[in-house]
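Here the structure of chain A is known, so what remains is to put chain B in place on it, guided by the hints.
Line by line, the protein sequences give chains A and B. As numbered in this note's numbering, residues 1 to 348 make up the first sequence, in order. As numbered in this note's numbering, residues 349 to 636 make up the second sequence, in order.
FYI, nobody ran anything at the bench for these hints, they're computed from the structure. No residue lacks a Cβ here, since even glycine has one placed at the ideal position from N, Cα and C. Some hints here could point you the wrong way.
Below, computed lysine to aspartate or glutamate pairings styled on EDC-like, alpha-carbon distance capped at 20 Å [stated by the list, open to error]:
#, chain 1, residue 1, chain 2, residue 2
1, B, 378, A, 162
2, A, 94, A, 184
3, A, 108, B, 579
4, A, 340, B, 545
5, A, 183, B, 423
6, A, 253, A, 312
Derived, one-sided and incomplete: chain A residues facing chain B with beta-carbon distance under 7 Å [to be verified]:
#, residue
7, 228
8, 229
9, 233
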Amino acid sequence: MSEVKLPPAETGPAEPTDRREFIAMGAAALVAGVAGFTGGRDQKHLVAQTPAIALPFTNQTSKVAIIKAASYSHDLESRMLQGLRECKLEVRGKSVLLKPNFVEFDPKTCINTDVAVVAAALNVFRSLGAASVVIGEGPGHRRDTFAMAELTRYRTEIPQFDSVFVDLNRDDVSVVNNFAGRKEFFFPNAVMRADLIVSLAKMKTHHWAGATLSMKNYFGLVPGSIYGWPKNELHYIGIPKSIVELNRVFGPKSFAIVDGIVGMEGNGPIQGTPKPVGVMVMGNDLAAVDATCCRIMGIDPAKVEYLQMAADQLGVTDNTRIEQIGETIASARSNFQLIKEFSHIRLA
Amino acid sequence: MAGRSYLAQRVDRLRGSQNADGGWGYFPGKASWLEPTVYAAMALHGEPAADRARGLLATWQTGDGGWRSSASVREAGWGTALCVSLAYGCGEASPALDKGVDWLLQSVGAETNWFSIVLGLIRRERDFRLKAWPWKPGDSGWVEPTAHALVALKQASSHSPNSALTERIESGEAQLFDVRSRDGGWNYGARAALGVDLPSYPETTALALLGLQGRNSLDKAFDLARQQLQETPSPLGRAWLTIALRMHGLPVTDLSGALNNEHDVMITALEALAAAEGNHWFMKAKKA
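Just chain A, same shape as in the assembly (with noise of 0.2 Å):
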């Protein structure tokens, strides 16, 4: 087991942020006789303001790739290269993670990457020079992940799966210290031991988060040997904050690479309904690849509680300082439908 030490959290302080953290803080309210807390989901909004200090993304420049993909059947590979090209990404010599979503299943809709996606992805990373690339993911509600990858087709159509794959879940494991409060946070060791991991989210609506695209996508770097299924551990950090804390650790050697080729709308992560929007949205800079992804969802990034969080602290959301190459999001727009209780976050 190796150990390692991080700087200190930058985000706020803990507040309930879910409806699990707000259950679990309103109870010791209850139990302390503290009157007065009346949050909910409509206080979201309120919460998780940053500290009045300098933040290191403030005056700085992001540039994020959105590329066209009408189909899966597309040439994927020469257009993922195009979008890493663009973003001067460098690879040669890197060890690669693969970090696509597959969380579930259902073959009625769209719920992780899509394997043409992946696939094309281990071929770029591969032919771009990296020393080695694996995929690796950790369910989050399924115990079985190799099932889940033949019933995604992964294992029966990346070839030789079984020895490129690491399942997060049940990885070795190493310590990260003062992760979300927490003394000491497990990550499995490919994650800690990668030299860049790329996030292969899809775009999709979330009914606790809004919206869950490359920084939410690292829920999946949470071992469930240690957290169980779900990895209820970030319910009780809560999910934005969680989020913010797993790219405070991981982002700085990250990469995005979002699936829209068809995205999920409505009552997402699971049980919404297919989304063809026909782009690959890529970028270095995690918060301002799921800002643009969200302006292309027709949702507004100000009022996604993470994003807000992650704003200047953990890279660029504001639109005038995020360099869109390719296509424009303007061209790429398509309205997702969200469920009632995100309606409010709807871009104007």
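Showing chain B alone in chain A's frame:
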């Protein structure tokens, strides 16, 4: 492997993948973890390899009586239930085992608090008075750790029954029924999300059935389990479903076929337990 029995293939694989410390990793060559080590020790019961595994597990018991999930982890967790079941199956009677049972009795999902109880009663969503077991202390209760804890406590109760065990078992069983999916099975432990029903999974339906050994009125779940056994592509799901149906005394077709993933030690061990001649009796639980 042709010609060798389903069970023989798997126990041979386990014998060849034991770590020098006596444990098993989730995958060959990886560090030892409690979960694959317990299942492999059950599958190889009676062999020296199993004794070495129990020796390693003994070093992982924490001062509070629980068991930690690996040498890397300091805090005890849900795997305590597996160690208790392994100990009972081996005929052990010891203060260490008693402490493990006490640890399980103290372990409660964090949702069982007054605020949640009141909120649950108002919303009529869940009955948070019912006590489930969490994966790790401080978190909510979920189906899989609850099922394993019920098996372990029912085994404890059959050895030395007492009111604390009876009360906790009844509450845990009721909690499983409270989170049961509308289709009659179980997923990780949520009937619905935002008012939309969530389906059950094969592996968690099987585990809930294991935890509910001795209960009646499970016919719908048995029908679903048989259907899931036919349909699931998951070797893990098939192994747990086979074990669960066997534990309820129901007829089940023996598993067959080669190893689906020869690198997956945990599933290999569970398939060995599920085999007709396998040691699935470690999961047998009778209420006193």
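- Task: Give me the numbers of the hints this structure contradicts, sorted from smallest to largest.
- Result: When the structure is compared with the hints, only number 2 turns out to be violated.
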